[in-house]
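Trainee: Let's have the full structure, built from the sequences with the hints guiding it.
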Amino acid sequence: MMERESTPEKQKLEKLLLMNEKPNKVMKLKEKQNMIGWGFVLPASLLILIFYFYPIFRAFVLSFQTGVGANIRFAGLANYKRIFLDPLFKTSLSNVFIYLVLQVPMMLFFALILASLINDEKLKGRSLFRTALFLPCATSLVSYAIIFRSMFALDGFVNALFIKLSVIDRPINWIGHPWTARILIVIALTWRWTGYNMIFYLAGLQNINSSIYEAAKIDGANAFSRFFRITIPLLKPIILLTTIMSTNGTLQIFDETMNLTNGGPANSTLSISQYIYKLSFVYSPRFGYAAAISFVVFLIVAMLAFMQIRVGDER
Amino acid sequence: MSKKKLISLVKYAVLSVAAFLSVFPLLWMLISATNKSVDVIAGRLLPGTHLVENFTTLVERTDIFRALWNSFRNAAVATIASLFVCSIAGYGFEIYHDRGKDFLMSILLLSVMVPFAAIMIPLFMMFGKANLLNTTAGFVLPTISTAFLIFLFRQNTRSFPSEVLESARLDGLGELGIFFRMYVPIMRSTYAAAAVITFMNAWNSYLWPVIIMQKTESKTMPLLISDLIAGYVTDYGMVMLAVTISILPTILLFLLLQKNFAEGITASIK
Chain U
50 MMERESTPEK QKLEKLLLMN EKPNKVMKLK EKQNMIGWGF VLPASLLILI
100 FYFYPIFRAF VLSFQTGVGA NIRFAGLANY KRIFLDPLFK TSLSNVFIYL
150 VLQVPMMLFF ALILASLIND EKLKGRSLFR TALFLPCATS LVSYAIIFRS
200 MFALDGFVNA LFIKLSVIDR PINWIGHPWT ARILIVIALT WRWTGYNMIF
250 YLAGLQNINS SIYEAAKIDG ANAFSRFFRI TIPLLKPIIL LTTIMSTNGT
300 LQIFDETMNL TNGGPANSTL SISQYIYKLS FVYSPRFGYA AAISFVVFLI
350 VAMLAFMQIR VGDER
Chain X
321 MSKKKLISLV KYAVLSVAAF LSVFPLLWML ISATNKSVDV IAGRLLPGTH
371 LVENFTTLVE RTDIFRALWN SFRNAAVATI ASLFVCSIAG YGFEIYHDRG
421 KDFLMSILLL SVMVPFAAIM IPLFMMFGKA NLLNTTAGFV LPTISTAFLI
471 FLFRQNTRSF PSEVLESARL DGLGELGIFF RMYVPIMRST YAAAAVITFM
521 NAWNSYLWPV IIMQKTESKT MPLLISDLIA GYVTDYGMVM LAVTISILPT
571 ILLFLLLQKN FAEGITASIK
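Protein chains in written order, with our numbering: chain U, 50 to 364; chain X, 321 to 590.
Calculated directly from the structure, the hints in this document are not laboratory data. Since no wrong hints were added, every one of them can be taken at face value.
Covered stretches of chain U, going by a simulated chain X footprint (3 or more residues, C-beta under 8 Å):
| id | stretch |
| --- | --- |
| 1 | 78-86 |
| 2 | 181-189 |
| 3 | 192-201 |
| 4 | 204-210 |
| 5 | 325-338 |
| 6 | 343-349 |
Even glycine gets a Cβ: it sits at the ideal position worked out from N, Cα and C.
Mentor: Here it is as structure tokens:
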């Protein structure tokens, strides 16, 4: 149907094609296939346009407005000014950065070590280890948050075990104190995502020629230096990818803080997503202000990803 | 003991501890599903006799079968729609690629950087206006098309032999016919990988449903479980049984299709 539209370029093309019969047919066929190709990619592209790009544009517009329902009016930069004075925004932002700094490097390091241990073809029970380590990925975020909540209850299994092992002498009220609650979230996140990242490293390690390791062994490099001198440099692009993914995921954390600690105690585990959610659907709705925070989050995520790509490229 | 043996011992010890820690919370979940609430939060490590009682309480207090059906229906629709839309797009982007389509693909990939929290309010408003709250369409629509899946199919289309394409064309098969009759059967394993990932994501999704599935009868499993712990008194034995029921389908899927799952999530690094 699009083919019948005649644009100046097409008229020119058709004139040229009239001079020669054979290329005409070929061109027509190519053109037809090209159009079919657009038909194939269009539905998916439109859906992404409607459900990702349009909403982020709407969030941007909304962030300059205030009021609810019919009373929406232009508010200029008022929402953005308010962000800087909002203690809860600062709290939620610093909380997710605490998770980010404590959790992501530790998890990626564990994942790297486990991947390089499992990458040994002579390892007995290799697929069993792999399945076990990968298994947490099959659990939903809500479910594992609740499992951890019950294990770390005041009289729960973990406290009882720690007391038995004399690590502590009184039970820890994990979700009752700011730092233990944050640490609990870090532990839970590490449990859920270490295996996931390990799979990426395993896939990467399989692309590394094992002769490199053999050569290093002959040259007398021990396991330690092989890990730091070969594994890490060669996996750099994948480490970068997993860092970006984990950063992105941690900044958007919601399910865990909602179901494990419910943001408490006293908002000390509140995440940004949770704060936006509360502003929009729990407290009296302030969509304009929530949208301003949303847009700031979008900028932070995009900026961090950009920075990580730059740093990753330099080295 | 030789140094080599010692290293290998440490290796196995590290892996065993890590594997144990990975599996333990799931064992804990299974054990707790058979225990009384007081025993669960007192850290009881032995299976109990309360499984039937927990199940009775669960069925009495919640509409778990409805939630299971909702979860299953939403996830199935999401998976089928997603696989169709994204695979044909990924195929299109690779087979008919030209400057325009390559450019469009790179624009689409930018959507990965858009955090869900940043778009959930406008999305909620859009779906409210369109009267799609509490519906499967509402649940599914925002996640049908993802740059990740399109990219996965585009990358994997590179392994689709061009001879198949050429000979099918010579045989007079139309472009759509080639896609359905040649491409889809040949790319089975890519479809399996995409299906596991999409199904699990839809089955486990929480933030979007929490916003749009407000009616009790449209709640999915994660919402039901989350509601169970929101009260003042939580019956942990019952909750752990609900958690077990919600996790079992994805665990089974995972154990059956682990390889596809691993291939699927790592497709971007090929």
